[in-house]
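Asker: Could you build all of it, start to finish, from the sequences and the hints given here?
The listed protein sequences correspond, in order, to chains A and B. First residue of the first sequence: 951, per our numbering; consecutive thereafter. First residue of the second sequence: 34, per our numbering; consecutive thereafter.
Hints were generated in silico from the structure; no laboratory data involved. Don't take every hint at face value.
What the hints assert, rightly or not - Subject to a maximum C-alpha distance of 35 Å in a straight line, what follows is the list of computed DSBU-like cross-link-like pairs (lysine-lysine):
id	chain 1	residue 1	chain 2	residue 2
1	B	LYS113	A	LYS1008
2	A	LYS992	B	LYS113
3	A	LYS999	A	LYS1018
4	B	LYS113	A	LYS1057
5	A	LYS1019	A	LYS992
6	A	LYS999	A	LYS1057
7	A	LYS1057	A	LYS1018
8	A	LYS1019	A	LYS1057
9	A	LYS992	A	LYS1057
10	A	LYS1019	A	LYS1008
11	A	LYS1008	A	LYS992
12	A	LYS1057	B	LYS112
As the list claims (entries may be wrong) - In silico negatives: residues of chain A with every beta carbon more than 12 Å from chain B:
id	residue
13	LEU970
14	TYR986
15	GLY993
16	GLN995
17	SER1020
18	ALA1036
19	SER1044
Said to hold, decoys possible - If you anchor each label on the Cβ, the simulated ranges turn out as follows:
id	chain 1	residue 1	chain 2	residue 2	range
20	A	SER1062	B	SER117	28 to 34 Å
21	A	LYS1057	B	VAL84	37 to 43 Å
22	A	SER964	B	PRO102	46 to 52 Å
23	A	HIS989	B	VAL48	29 to 35 Å
24	B	VAL48	A	SER964	29 to 35 Å
25	A	GLY1012	B	THR148	40 to 46 Å
26	B	PRO102	A	MET1033	39 to 45 Å
27	B	GLN106	A	MET1033	34 to 40 Å
28	B	SER34	A	SER964	32 to 38 Å
29	B	GLN46	A	GLU1021	27 to 33 Å
30	A	HIS989	B	SER50	28 to 34 Å
Ideal Cβ placement from N, Cα and C applies to all residues, glycine included.
This is what each chain is made of:
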Amino acid sequence: AQSVTQLDSHVSVSEGTPVLLRCNYSSSYSPSLFWYVQHPNKGLQLLLKYTSAATLVKGINGFEAEFKKSETSFHLTKPSAHMSDAAEYFCVVSDPNQAGTALIFGKGTTLSVSS
Amino acid sequence: SQTIHQWPATLVQPVGSPLSLECTVEGTSNPNLYWYRQAAGRGLQLLFYSVGIGQISSEVPQNLSASRPQDRQFILSSKKLLLSDSGFYLCAWSLAGVRDNSPLHFGNGTRLTVT
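Answerer: Here you go:
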């Protein structure tokens, strides 16, 4: 079965510094991977998705993620954090054998941005 | 373009009272529909999903039920709420027939507090 692990429950950065949110997955085949963002009391918004095309995926709001099969990782990065990036981020892996929805969510990483 | 509406945004209900949360999708036909619950610090839990009118699958046994009376309408219900039903409820949709790389699109959620 597929699984996804977000390595940090909370990350704190200063405005203007780089952001790195780490995600590892386990999969017996080439998965599809996603990152979602959730601002307080809002639904989740898709940031980007990887579906076996280019390994470096660019998303909205300046975020990008790199699929590294050898490391089974899909870390989310941004060169320079903005205050508006403070939110919770979810890494998601697909599993077509999962009944219903194929998507398995990580437990989330809370990103704090200080001025 | 597709939009998803979920209401109410917040709800405070006493223990033992009924519940009805509604979700509608516009701009697409025959979507897959989902209800998730998000409890503090526990990530997202899939409650129900539906691939068509009247077709409901339950992922976890609990005090809740779901119905899909129309193609783009999904309702979450309870006859008698428990304290443990408190949480943030999210409705989502995805394209039908594309299981392993079709992202979910979320509503803005309902914050339910059972007192």
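Asker: For each hint, tell me whether it holds in the structure or not.
Answerer: Verification of the supplied hints:
| no. | hint | verdict |
| --- | --- | --- |
| 1 | B:LYS113 to A:LYS1008 | 46 Å, violated |
| 2 | A:LYS992 to B:LYS113 | 26 Å, holds |
| 3 | A:LYS999 to A:LYS1018 | 14 Å, holds |
| 4 | B:LYS113 to A:LYS1057 | 29 Å, holds |
| 5 | A:LYS1019 to A:LYS992 | 32 Å, holds |
| 6 | A:LYS999 to A:LYS1057 | 18 Å, holds |
| 7 | A:LYS1057 to A:LYS1018 | 21 Å, holds |
| 8 | A:LYS1019 to A:LYS1057 | 21 Å, holds |
| 9 | A:LYS992 to A:LYS1057 | 17 Å, holds |
| 10 | A:LYS1019 to A:LYS1008 | 17 Å, holds |
| 11 | A:LYS1008 to A:LYS992 | 23 Å, holds |
| 12 | A:LYS1057 to B:LYS112 | 30 Å, holds |
| 13 | LEU970 | 20 Å, holds |
| 14 | TYR986 | 8 Å, violated |
| 15 | GLY993 | 3 Å, violated |
| 16 | GLN995 | 7 Å, violated |
| 17 | SER1020 | 22 Å, holds |
| 18 | ALA1036 | 17 Å, holds |
| 19 | SER1044 | 5 Å, violated |
| 20 | A:SER1062 to B:SER117: 28 to 34 Å | 29 Å, holds |
| 21 | A:LYS1057 to B:VAL84: 37 to 43 Å | 27 Å, violated |
| 22 | A:SER964 to B:PRO102: 46 to 52 Å | 50 Å, holds |
| 23 | A:HIS989 to B:VAL48: 29 to 35 Å | 30 Å, holds |
| 24 | B:VAL48 to A:SER964: 29 to 35 Å | 44 Å, violated |
| 25 | A:GLY1012 to B:THR148: 40 to 46 Å | 42 Å, holds |
| 26 | B:PRO102 to A:MET1033: 39 to 45 Å | 43 Å, holds |
| 27 | B:GLN106 to A:MET1033: 34 to 40 Å | 38 Å, holds |
| 28 | B:SER34 to A:SER964: 32 to 38 Å | 36 Å, holds |
| 29 | B:GLN46 to A:GLU1021: 27 to 33 Å | 46 Å, violated |
| 30 | A:HIS989 to B:SER50: 28 to 34 Å | 30 Å, holds |
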